[in-house]
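Work out the full structure: start from the sequences and follow the hints.
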Amino acid sequence: MNQAISIQNVNKSFGKKNVLKDIKFEIMEGKIYGFIGPSGAGKTTLIKMIVGMDIPDTGSIYLLGEKMPNLNVLQQIGYMAQSDALYKELTGKENLMFFASLYQLNKKERKNRIEYAAKLVNLTADLNKKVSAYSGGMRRRLSLAIALIQNPKILILDEPTVGIDPELKLSIWNELLRLKNEEGKTIIVTTHVMDEADKCDVISMVREGSLIATGTPEQLKEKYSAQSLDEVFLAAGRKDQ
Amino acid sequence: MRTLALIKRILLQIVRDKRTLALLFIAPLLILTLMNLVFNGKTVEPALGVENGSPQLIESLKESEIIVHEYEDISDVEKAILKDNLTGFLQIEGTETKLTLLNDDPTAAKSIEMKVKQVISKELQLQVMGMKPNNDSIQTNYIYGSKDTQLFDTFSPILIGFFVFFFVFLISGIGLLNERTTGTLERLMATPIRRGEIVAAYLIGYGLLAIIQTIIVVLFSINILDINLVGSFWNVILINIVVAIVALSLGILLSSFASSEFQMVQFIPLVIVPQIFFSGIFSIEGMADWLQVLAKIMPLYYAANALKGVMYKGLSLSEISYNLYVLLAFAFVFIILNLFALKRYRKL
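Protein chains in written order, with UniProt numbering: chain A, 1 to 241; chain B, 1 to 348.
Treat the hints loosely; a few may be bogus.
Claimed, not checked - Calculated cross-link-like contacts (lysine-lysine; reagent style PhoX-like; alpha-carbon spacing at most 20 Å):
hint: 1; chain 1: A; residue 1: LYS31; chain 2: A; residue 2: LYS199
hint: 2; chain 1: A; residue 1: LYS130; chain 2: B; residue 2: LYS18
hint: 3; chain 1: B; residue 1: LYS8; chain 2: A; residue 2: LYS93
Worth flagging that the hints you see were computed from the coordinates, not collected in a lab.
Okay, structure coming up:
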């Protein structure tokens with residue numbers, strides 16, 4: 001199995017605040033990797049650096065063997081930001097079409113991928129409505145569809161299930177698992193909900209800019225002899241201090 | 001390819017936003033029409049009270065378009081002026097002449113003062129030389145315009161340039177600002193698009209709108225408001241396209257220093273209003289030297305020069321090309337700065 005992502009000794013500070021401290025880890029292809037941690041722990045900063053929107057002060061990040069930031073690698077990354085970045089004056093279809101064009105899909109690919117992505121997030125019937133008429137959940141689903149539009153090898157999802165009802169949350173997670181199992185996608189998600197962390201292959205717990213524990217959910221529970229990941233998080237944090 | 005997709009999206013967004021479309025295309029026409037009406041209003045004939053005027057004097061005053069009210073034995077001139085709504089009051093006692101002016105509007109006061117002085121000196125000439133002076137003794141020639149030239153004829157080219165600048169600045173600035181505040185700019189930066197492609201798309205997308213706006217405004221001004229156009233119509237369009245590019249690049253540049261629409265609007269008194277002062281609506285030659293230097297760093301100064309040159313003076317493209325080059329230099333600098341400003345969103 002190949003390495004999809006490699007983060008090497010990354011440090012980042014904004015002004016005097018040290019947001020990320022000596023982060024290092026590797027992600028294998030075809031795995032779901034979860035970043036768990038409270039708001040403000042530095043998850044989004046790390047995600048932005050993986051996507052190449054920001055650069056680390058020290059250390060380096062490699063995606064699919066290429067050093068970031070790199071425009072060509074971005075073609076292989078599906079990104080879903082924490083807040084929905086959609087054009088509200090346009091319809092769902094026009095939004096998908098626009099992003100498909102940015103990834104330079106040809107006409108036939110565009111049509112197929114839009115159909116596929118819309119069906120996946122269950123928005124086919126609402127594609128011709130303007131996004132301003134969408135509910136919060138529909139917008140979240142459209143964002144996910146956009147992340148999938150160019151059939152990327154790596155999916156990077158920043159809190160994909162925030163503000164989504166439990167039923168939809170379950171269906172999105174089932175879809176992520178299917179993408180991993182059937183299409184071999186590498187998926188990174190951030191979340192602060194521990195029950196979602198249980199579904200990841202590997203999780204890293206982030207606290208105040210440091211990775212305090214990394215492993216499979218079972219390994220972590222065993223290591224800290226805890227019943228749930230909540231307890232692991234508390235135990236790991238205590239040990240760290 | 002990506003630029004094309006972005007241009008398509010920008011135009012689609014604008015077309016969906018009817019209010020902005022109206023602002024872009026109809027608001028300049030409304031304001032131009034209004035200003036045309038305001039500046040081309042008929043001049044009101046001033047009313048002058050006269051005491052002890054000779055019939056001949058009164059006749060001459062009437063000839064110079066003054067409404068004459070005759071009075072006798074007035075003790076309180078001020079009261080008479082206020083009561084009868086006069087612009088001035090002329091008292092003649094023997095060889096002494098006394099003119100009292102209301103002076104609530106200095107322009108009207110100066111104008112009636114000049115007319116009265118002219119009439120009186122003519123009367124004196126008549127008495128001394130015993131002959132009627134020839135009114136047509138001075139023949140006036142005009143290099144630009146004609147004797148029918150109105151203030152608005154010299155203003156209107158400047159106004160056209162100003163509207164193109166102002167509306168394009170505002171709408172493109174807010175356009176990119178929305179892209180930033182809704183997070184879509186950040187989202188764009190997670191795709192393989194280049195920063196240059198984004199700047200190019202904004203310039204071309206809003207540039208197309210500016211071209212349509214310019215054509216509508218110029219056609220409307222010439223055909224409906226009857227504004228003078230001595231030079232070539234196409235040169236006017238060309239100048240305005242260059243003006244639009246400067247406004248566009250400045251608008252999207254300043255939008256990176258604003259974090260909300262409200263802050264974008266705050267740039268208007270800082271960036272737009274001073275440019276009006278230096279656009280040539282007020283005489284620049286009369287300003288202090290250091291102020292004149294300030295005028296030279298205002299894009300609208302060059303835009304106004306070029307437009308007035310073509311529309312009013314009938315200059316050719318080569319005669320105003322210096323102004324166009326300076327405008328293009330402004331645009332070039334702003335575009336380069338834009339590329340750097342976008343670095344905040346992605347280092348590459």
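Right, here's what the structure says about each hint:
The straight-line distance between the Cα atoms of LYS31(A) and LYS199(A) is roughly 11 Å, inside the 20 Å bound, and the hint therefore holds. Among the hinted pairs, LYS130(A) with LYS18(B) is consistent with the structure: their alpha-carbon atoms are about 15 Å apart, no more than 20 Å. This hinted pair checks out: LYS8(B) and LYS93(A) have alpha carbons roughly 14 Å apart, not beyond 20 Å.
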